[in-house]
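For reference, the chains in residue letters:
There are 2 protein chains.
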Amino acid sequence: MPEQKVELIIIGDELLAGAVKDANASWLADLLLSIGIGVLRVTFAPDDFKELKEILDQALARTGFVISCGGLGPTPDDCTRRVAADLFDRELYTNKRLLNLLAERYKKLGRRFDRIARTQAKVPRGAELLVNPAGAAPGVVLKDESRTLILLPGVPVEMQAITETALRSYLEENFALSAPHILLLRTVGTLETGLAQRIRPVLSRFPDLKVAYLPHTGTVDLRIQASSERKKSQALKEFSRILEDDLYAVGRKELSEVVGEMLLNRGQSVAVAESCTGGMLASRLVDVAGSSRYFLGGVVSYSNRAKQELLGVASGVLELHGAVSSQVAKAMAEGVRERFNSTCGIGITGIAGPGGATRTKPVGLVYIALACKDSVRIKRFVFPGDRSSIRQRSVIAALDLLRRYLFRLSS
Amino acid sequence: MPEQKVELIIIGDELLAGAVKDANASWLADLLLSIGIGVLRVTFAPDDFKELKEILDQALARTGFVISCGGLGPTPDDCTRRVAADLFDRELYTNKRLLNLLAERYKKLGRRFDRIARTQAKVPRGAELLVNPAGAAPGVVLKDESRTLILLPGVPVEMQAITETALRSYLEENFALSAPHILLLRTVGTLETGLAQRIRPVLSRFPDLKVAYLPHTGTVDLRIQASSERKKSQALKEFSRILEDDLYAVGRKELSEVVGEMLLNRGQSVAVAESCTGGMLASRLVDVAGSSRYFLGGVVSYSNRAKQELLGVASGVLELHGAVSSQVAKAMAEGVRERFNSTCGIGITGIAGPGGATRTKPVGLVYIALACKDSVRIKRFVFPGDRSSIRQRSVIAALDLLRRYLFRLSS
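Protein chains in written order, with the numbering used here: chain Y, 1 to 411; chain B, 1 to 411.
Everything labelled a hint here was simulated from the structure, so no lab data went into it.
Heads up, some of the hints might be wrong.
Note that the list lumps identical chains together, so a pair holds whenever it fits in one copy or between two copies.
BS3-like, lysine-lysine: derived pairs with alpha carbons at most 30 Å apart [said to hold, decoys possible]: (1) K21 x K253; (2) K108 x K361; (3) K50 x K21; (4) K5 x K96; (5) K108 x K379; (6) K53 x K231; (7) K53 x K5; (8) K143 x K373; (9) K108 x K96; (10) K237 x K373; (11) K232 x K21; (12) K232 x K53; (13) K122 x K231; (14) K122 x K210; (15) K21 x K5; (16) K231 x K21.
Next comes chain Y alone, as it looks inside the complex (with noise of 0.2 Å):
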């Protein structure tokens, strides 16, 4: 962990209740240890005065340095700002340049700025103010001789715009951060364990390597610490030798995302057939802007009849072998190949569960099928987990799928 510490503390009852999940702990430790700062506990508070004291209160007293986030808001219930002032004893003032901020904010949105929204506008004396890029509450700064508290709004996309602008700047310039020195490697296709088996040999030779596994669903990360830059490239270049094509990124990439670009570099195009994940590989793809440059659509054939109608599966395949089999996927894949006139058609069957298992096809049966101008790729698979892990990690496996194909194409 780096030198630098701070506690996180996270506000509001409603985490507290289980209601809402939190989403802002992960979010800004991730990017404090990027710049080089480590946390050292988070904690969830209450929207309770003398609760919340006491929680600022001793983790001030413990690293010295602290990010609370939430509790900024107008009604009484938020008291971070109240809390903050007495830890620190100043006296809460209404700011003028802040006020006049918020009712031009206030204004443009067309909601009345009444005395409640008013409160906004006040912080405690000497404090610092970093500048909200996404709302109407700044982050705040206290500062005393042993002692930096820094207030963020709760709403997760003010407290990203503030930290990766006036925050991190403010970071930067007011503590001496070494940015640690991590490698994300995102791998599909090896289990944890035999992943831990493969970068053995290159650990034994790099020990101060420190690799943490982050398994998802259907891929696992490899989080790897180097003690220099130098070190770092020399991992990389050792890892990317030993993990061959199952390493798909480096850094924060989505699999989606680098399928997308490899279709895009090759001049390719896909289209898809989907039964049991019905519009979640679709989806995926979608999810990356621009993606209608390689992406052309696909059929969310759920129905034996729309597998013969809108993707001409013949009926005796579908007797024969029944609606979750090779034939049926490869038949898919090419139907969605011909009729969106696509380079590449995905077809998937399968049972995603809880019912539709039969005696000889159990739940997590998945057939995936990748149809592109000379050959055809069918691969089984018998998923583990319940209905939504199956039909994620039929996703996953199918965009892999496909990654190895344009893997061997040259671009």
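Keeping the supplied structure of chain Y fixed, place chain B upon it in accordance with the hints.
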């Protein structure tokens, strides 16, 4: 908050590095609240003996009751068992029954049951074990005169399985709990501010109801806490009257489930034609197990060519009005209804951004059409937010359009 309080400690270095998102805290908090246990604080703690010991010790001193998640695995960084034994001054011993269970499990999975794996059978003397129906590590309960500490594994599926069975029984047997009277009302179609105005008259007549607004993308949940079951039923009646058909569910039901049940009850079926949502609506419908009984399939018609060839949208309509137009949405809905022979057809066309806007058609412009037996409805939206938010709001709006139509059909 209920009288019985607990603190949650979520353990793992990767959480503090922002590398994984925690889902355990909110899940646990929600379940605990429902049986009458309020969460006072949540702390994310590192895999570090000293630090974790301090965090657990302080939490136990504050509330006397702590539940932890994580750090029960076999690797050396998993130290929760050792810390707990130390805090309660108990020896760790190898539990024979657990050892046999683990050996069996490893054998079944075809994995080697080595020295490291065996450490999972170590538990503090005098601990009660909570059976894990989904994995190797059982829950562990440690008690003395004033303190109760419960250790749960961090893998969500295992944590949940133990909590829903053995832990829940344990808590109900060992604590005097009274479940709170909570009503979850899920709404769609009115913003938070509008909802607040509409429900104000009810709240002024029932001043002891506590209302929390939980906004999601495109929907708003109201969590209402009443002081008795009788007041809860009254509240349900009043709110149902005021919210009318903006209220889509009472309790944890998804909009797609509600629509699915309505389709089934009314003997209707649906097929969908998607442009900007790109399969997301189909995928949401398929999320529901058994959806094949009413969801017939869909077409993702990202290109104009697909709109023409697969959905029969006339090229003249596309040329005259452009792909993002009410006319094309209507033609897509009618086309997909005909192709799949469903009673209802939905067409969505829009600009999800960031590119694709024109002088007259901004990012966020979405047309949604619903074609049924003797009617077509078309709605125009300009959704705020980014690509992902616009697509999600489009899916919600489409499901809601269908729901409101079905609402008026007699079942």
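Verification of the supplied hints:
For a Cα distance limit of 30 Å, the shortest separation of K21 from K253 qualifies both inside one copy, at 24 Å, and across copies, at 17 Å. Within a single copy, K108 and K361 get their C-alpha atoms only as close as 60 Å, which misses the 30 Å cut-off; across copies the closest is 22 Å, which meets it. Taking CA atoms no more than 30 Å apart as the test, K50 paired with K21 passes in both settings, with 24 Å inside one copy and 29 Å between copies. With identical chains, the CA atoms of K5 and K96 are never at most 30 Å apart, being 34 Å at best within one copy and 43 Å at best between copies.
Taking CA atoms no more than 30 Å apart as the test, K108 paired with K379 passes between copies only; the shortest distance there is 26 Å, against 56 Å inside one copy. Taking identical chains as interchangeable, the C-alpha atoms of K53 and K231 are never at most 30 Å apart, the minima being 44 Å within one chain and 34 Å between chains. Taking the shortest Cα distances, K53 and K5 sit within 30 Å of each other both inside one copy (20 Å) and across copies (19 Å). Proximity of K143 to K373 under the C-alpha cut-off of 30 Å is found in neither arrangement, the shortest distances being 65 Å within a copy and 67 Å between copies.
For the identical chains of this complex, K108 and K96 are intra-copy neighbours only, at 18 Å inside a copy versus 70 Å across copies, given an alpha-carbon limit of 30 Å. In this assembly of identical chains, K237 and K373 lie within 30 Å of each other by CA distance neither inside one copy nor across copies; the values are 34 Å within and 62 Å between. Proximity of K232 and K21 under a CA criterion of 30 Å is satisfied inter-copy only: 25 Å between copies versus 34 Å inside one chain copy. Taking CA atoms no more than 30 Å apart as the test, K232 paired with K53 passes in neither setting, with 42 Å inside one copy and 34 Å between copies.
Taking identical chains as interchangeable, the C-alpha atoms of K122 and K231 are never at most 30 Å apart, the minima being 49 Å within one chain and 39 Å between chains. For a Cα distance limit of 30 Å, the shortest separation of K122 from K210 across copies, 27 Å, qualifies, whereas the shortest one inside one copy, 46 Å, does not. With identical chains, the CA atoms of K21 and K5 are at most 30 Å apart both within one copy (25 Å) and between copies (20 Å). Within a single copy, K231 and K21 get their C-alpha atoms only as close as 38 Å, which misses the 30 Å cut-off; across copies the closest is 28 Å, which meets it.
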